[in-house]
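K.L.:
So the chains spell out like this:
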Amino acid sequence: MADAKAAGTETTRRGALAWLLGAWGLFGGACAVGAGAMGRFLFPNVSFDPPQTFKAGYTSDFEVGKVDERFKAKYGVWIVRNDEEIYVLSTTCTHLGCQPNYLEAEAKIKCPCHGSGFKPTGINFEGPAPRPLERFRIVLAEDGQILVDKTKKFQYELGQWDQPEAFLKV
Amino acid sequence: MPKPLKELLDPRQAAESVASTQVWKSIFRHGYPDSPRNRALTMISNVFLHLHPIRMKKHGLRLRYTWCMGGLTFFLFLIETITGLLLMFYYRPTPEYAHYDMQYLREDVPVGITREIHRWAAHAMVITVWLHMFRVFLTGSYKPPREFNWGIGVFLLVFTLLLSFTGYLLPWDQLAIWAITVGSNMARATPFLGHEGPGASLLKIGDLNLVHAGDDAKFGLLGGRFVGAPALLRFYVLHCVGFPLLLATLIAVHFWRVRRDGGISGPA
Ligand code: HEM
Ligand code: FES
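Residue numbers (my numbering), protein chains in the order written: chain F, 1 to 170; chain C, 171 to 438.
Because the hints were derived from the structure by calculation, they are not lab data.
Where hints are given, some of them may not hold.
Straight-line Cα separation of at most 30 angstroms, BS3-like style, residue types lysine-lysine; simulated pairs [as the list claims (entries may be wrong)]:
| # | chain 1 | residue 1 | chain 2 | residue 2 |
| --- | --- | --- | --- | --- |
| 1 | F | K55 | C | K313 |
| 2 | F | K152 | F | K110 |
| 3 | F | K55 | F | K74 |
| 4 | F | K152 | C | K313 |
| 5 | F | K153 | C | K374 |
| 6 | C | K176 | C | K228 |
| 7 | F | K150 | C | K227 |
| 8 | F | K55 | F | K110 |
Counterexamples of contact, computed for chain F against chain C with all Cβ distances above 12 angstroms [stated by the list, open to error]:
| # | residue |
| --- | --- |
| 9 | G39 |
| 10 | H95 |
| 11 | K108 |
| 12 | P112 |
| 13 | C113 |
| 14 | P132 |
| 15 | F167 |
Yeah, the Cβ is synthetic: ideal placement off N, Cα and C, and Gly gets one too.
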């Protein structure tokens, strides 16, 4: 004991505690980094989802009074043109998120999951859906094509359908 | 000296000569379970049997008390494990193949009923796990000292349901895809972690949302913004490896605790 003291290698209670704390701290830290890495592993840098923004052609490609279904399968939107404007309607049901069908003969959008019905404007009128379908941002790109941007949405019940870029005047 | 034929044909003596071989003795480290000592050794020296108590109270065996619902749930879990393993020899978890492999299993694989058994047993397991919980509630067996095992049980219930949920996607038909769409939409509403959940809108730097449809809990679950190929693969891995391993581990803890908490509870 005396030798250890003389050599300065004696283990004190305080020293042992500090050492333990440091070791456990290091171990805990390493575990936390490992857990974080495992979480990050589940979020790839490249997603194979279709892009959130895309060009949909020229305004003249869209017939007045028609619900255009060409972009439904890939991008999950209907592009609708009426007498004054073109707007982009989300194909995600506002009930629980299924994809409704547009029934041209009845001019209505009908969800197969629990029967919600929407007008081509997106307004809900039957079934459990609590609010109208959402619309997405629509602008003209520099080359004159329609640019649809799904990262920004406009909700009727928040009074957002009148905002600029919620529709395209034609 | 060869044994006389008469001796070999006598079942009792034949059994004894088998039981005295080195092979037999290396497997069974005890004599016939006809004495209390040998009965105890039988239970202790076998890894499967040792989950059971050496002695148990009579009421614990009464069907009217336990309904054997926990036991039935375990039995169904074993059926799921075996039939599930068999299905894995045919099923490929990609959109190109998944649904056709289902049809192949149904039409062209001998004893294709394996798939139906897997499905029925899954439904049955959900029913029996609820009934087991109901029984435990009715007999008041959640009370101390068994409250911890009730807690383990809640996780067993959750993982049983999650197994059903992840398995639901694998047939890759319209029902599967939209059911999982609807179900996984709940993850959007996770507090802070789902992009439509409470608190998520607070997590932003300037105009930049930190939690959005491209990085929230639902995205992590599906590997994408909607149910597609990555979701099928993720659900497959969770269904075939992740949840079964978790469930098996917790079942072991559950059984262990049934014994450590004093065996099956008694009638009040
Ligand atoms: C995978 C699911 C489960 C399996 C395989 C399982 C299995 C078992 C088995 C074999 C027993 C012995 C008695 C009997 O068969 O009833 C038991 C007892 C028990 N289980 Fe479970 N169980 C499961 C889920 C649950 C759930 C969901 C709960 C409640 C939340 C629960 C709570 C209990 C309790 C408290 C006991 C002790 C009962 C007593 O002593 O009378 N278990 N379990
Ligand atoms: S998801 Fe469309 S009606 Fe329920």
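K.L.:
Evaluate each hint against the coordinates.
P.N.:
For each hint, the structure was consulted:
no. : hint               : verdict
1   : F:K55 with C:K313  : 63 angstroms, violated
2   : F:K152 with F:K110 : 24 angstroms, holds
3   : F:K55 with F:K74   : 13 angstroms, holds
4   : F:K152 with C:K313 : 52 angstroms, violated
5   : F:K153 with C:K374 : 18 angstroms, holds
6   : C:K176 with C:K228 : 43 angstroms, violated
7   : F:K150 with C:K227 : 65 angstroms, violated
8   : F:K55 with F:K110  : 27 angstroms, holds
9   : G39                : 8 angstroms, violated
10  : H95                : 9 angstroms, violated
11  : K108               : 19 angstroms, holds
12  : P112               : 8 angstroms, violated
13  : C113               : 6 angstroms, violated
14  : P132               : 17 angstroms, holds
15  : F167               : 22 angstroms, holds
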